[in-house]
Amino acid sequence: MFRMLKARIQQGRRTIRVPLEAVELPERFRGRPALDASRCDDGCRACSEACPTQAIAIQPLRVDLGACLFCTACQDACPSDAIRYTTDYRLAARSREALILSEGEYPLAQALDAKMRRLFGRSLKLRQVSAGGCNGCESELVALGNVVFDLSRFGVEFVASPRHADGIVVTGTVTDNMEHALRETYAAVPSPRLVIAVGACAISGGPFAGADASHGGVPRDIPVDLYVPGCPPHPLTILDGLLRMLGRMESGGAREADPPRAS
Amino acid sequence: MVRWVGNGAAVSVSDVPMVSIEDFRETCISTISSGGRLTALTLLGSEARAARDREMIAVLADDARSRIGMVRTPVPESRRYHALSADLPQAQAFEREILEDHGIIPEEHPWPKPLRRHADLEPRGGGEHGAREAHPFFRVEGASVHEVAVGPVHAGIIEPGHFRFQCHGEKVLHLEIQLGYQHRGAEALFLRSKPERRVTIAESIAGDTVIGHALAHAAAMEGLSGAEAPLAAQAIRGIALELERIANHVGDLGALCGDAAYLPGAAWFGRLRGEFLNMLLEITGNRFGRGLVLPGGVRFGADPVRQSGLLERLDRLEVDLDRVSELVFECPSVVSRFEQTGILTREGAEELGVVGPAARASGCDRDVRRDHSSGIYRFAHIPVALQETGDVMARAVLRWTEIQRSIQFVREQLEELKDGPLANPPGPARPNACVASLVEGWRGEIAHWAVTDDAGHLAGYKIVDPSFHNWLALAMVMRDRQISDFPLCNKSFNLSYAGHDL
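These protein sequence lines are chains Y and U, in that order.
All you need for the numbering used here is the position in the first sequence, starting with 1, plus 62.
All you need for the numbering used here is the position in the second sequence, starting with 1, plus 228.
Since the hints were derived computationally from the structure, they do not count as laboratory data.
If a hint is listed, it holds; no wrong ones were tucked in.
Stretch-level coverage of chain Y by chain U, calculated; a stretch enters the list once three of its residues show a Cβ under 8 Å from a Cβ in chain U:
1. 66-80
2. 84-98
3. 129-142
4. 208-221
5. 264-273
Source: prediction; values computed, not measured.
Glycine residues also receive a C-beta, built at the ideal position from the N, C-alpha and C atoms.
Pulled out of the complex, with its shape left as it was, chain Y reads as follows:
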């Protein structure tokens, strides 16, 4: 017991502070791309052609973050630095259209309306449905529960039954074999309920867009309340999106400021 307590002290406090804005990611981290179409040569389509998921449109230059794999192919192909990745991890959006990034500011996810915030703002229970991805997004959702991100301090938890849940978090392309289970799980969550699509697969099919046994993400008739892009998204991208949706960013995320980390 004494040794365990000693180890506990040695491990220190690892939980990241809120507000999350203070967190800095390594310089090579690929977050929101910055576009500068004024650098584009006329008729150049190098980035668009290099993109493995056809996420880039030219004239005007736009990137669909819902399909983007953040893979560097466009940046490598561009002869004039018109596309470059920034380390900004804040990518989540409330609608599919809002994921289309163009030049200028990328609006961050808006909060739910007052009624929904009253219901879910301080306590949100989610059921995760893994529906044909690769286990990358799932791994980052699991990581949200570790001592670094500590999702439960915000009142957000993953629960074991859809009957206990306020919403579902969908990952994966939604395969033929998982569509039925996804629909059943969604139907089992009492209304009002939220649907959160995490990762490029769940939003657009991602690397598997067009694959024979997949559907290209959450079916259209299931309304999605929050889209979290990435392949997979960094845990901070998911956390930021959740907190913005719940209207928790104005107050700095938590009800009170956390003390600084010890290490």
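Following the hints, position chain U against chain Y.
Okay, now just chain U, sitting in the frame of chain Y:
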């Protein structure tokens, strides 16, 4: 009657001996009974290329002599043949796959059930989602025998799969694992995609094994075109593959602690797993190493500042890991829960063709990094870790040993990292050639097998994740065990659903 080649070396299809189905069967059985393994069994081409659909190829690994053998046979006109699985249990999943995808019937197969395709996929009218037909589950009947069904949507954040336990009281008589929920159609998509996109698909076969699969793909493409990655790139690849191994093994130790209700271990290993993912992030810009490995080399190197930063982190993390693992492996409640639980015997592991830590924990001395060394592993050797008892404890201790050895390897490689070119873009692939590329991923042997057509375009591509060999072993170790042992056994194997389902 077998054409032997080295790992990642291309061979002309015409040089692979074509033998009768009887000789093919005999060759596979005799090679495996003298210490070989079945790495892949597949048709020579995809369904779309009908001409090649008439040939079957076996890829055999001879670990002791560091060579990979290939032999092929024409598929009989009747599209029926005497199943290899009848004498060779390790062929069972491959033959079910061929049956399901191509309708070629392995007669006397002991378990010819659907592998990935579900009954409700067949077009049949009626109902909102079509009428569903039940999977032919094995059932035990009798007084007080009952059935427990779990999944495909699980209680935690886990990939989808369905587990059907036949129980008598708490005792599991039989466990059947139905997979296929993650089946996206990866191989077919892979074949029809342009080379740049194939890289991202390879990285997404199993999202926790990004480096492993990307490396197997890159090595196959390099083999077909005769290109070789520069030395600096090979070192970076090795560093990334070992960081991937460490991160996953550490995560598994944490998950095992969680299932033995030792929460300090779960919390601390869980945090430390993230620290290793963050080292990959530092090098590659992604926590899983996406974007790093390309055919011909790597995209990112490590400058001296990054190098020393990473070395410093490695030292710090090693101390933290030491402290946690000491506590865990000396905690009586953890040890008593791990020991004698979920025993996979050496004979069982060999018969089923189990790979990776699950095999080594049962005393099977096999590791691609040594047996079929390629890339940096030709110059820097990692001693193979072995355990004998084959229980959860053995699989946990084995992971801990591998973590320590991989840390040592990463440290040496980081210290010696030299500047230099990072990629030699591969040229066109050889026409009518095939190649088998093996990589020791953190779960075990990853095999990618590719064949080209007359123009040098890919005509067939087979991906074998280590989980494909190992899932049946998990079901077998549950026999006659308490059903409450399942989570612990499952974590101790930690197999990939996506990698199996493709």
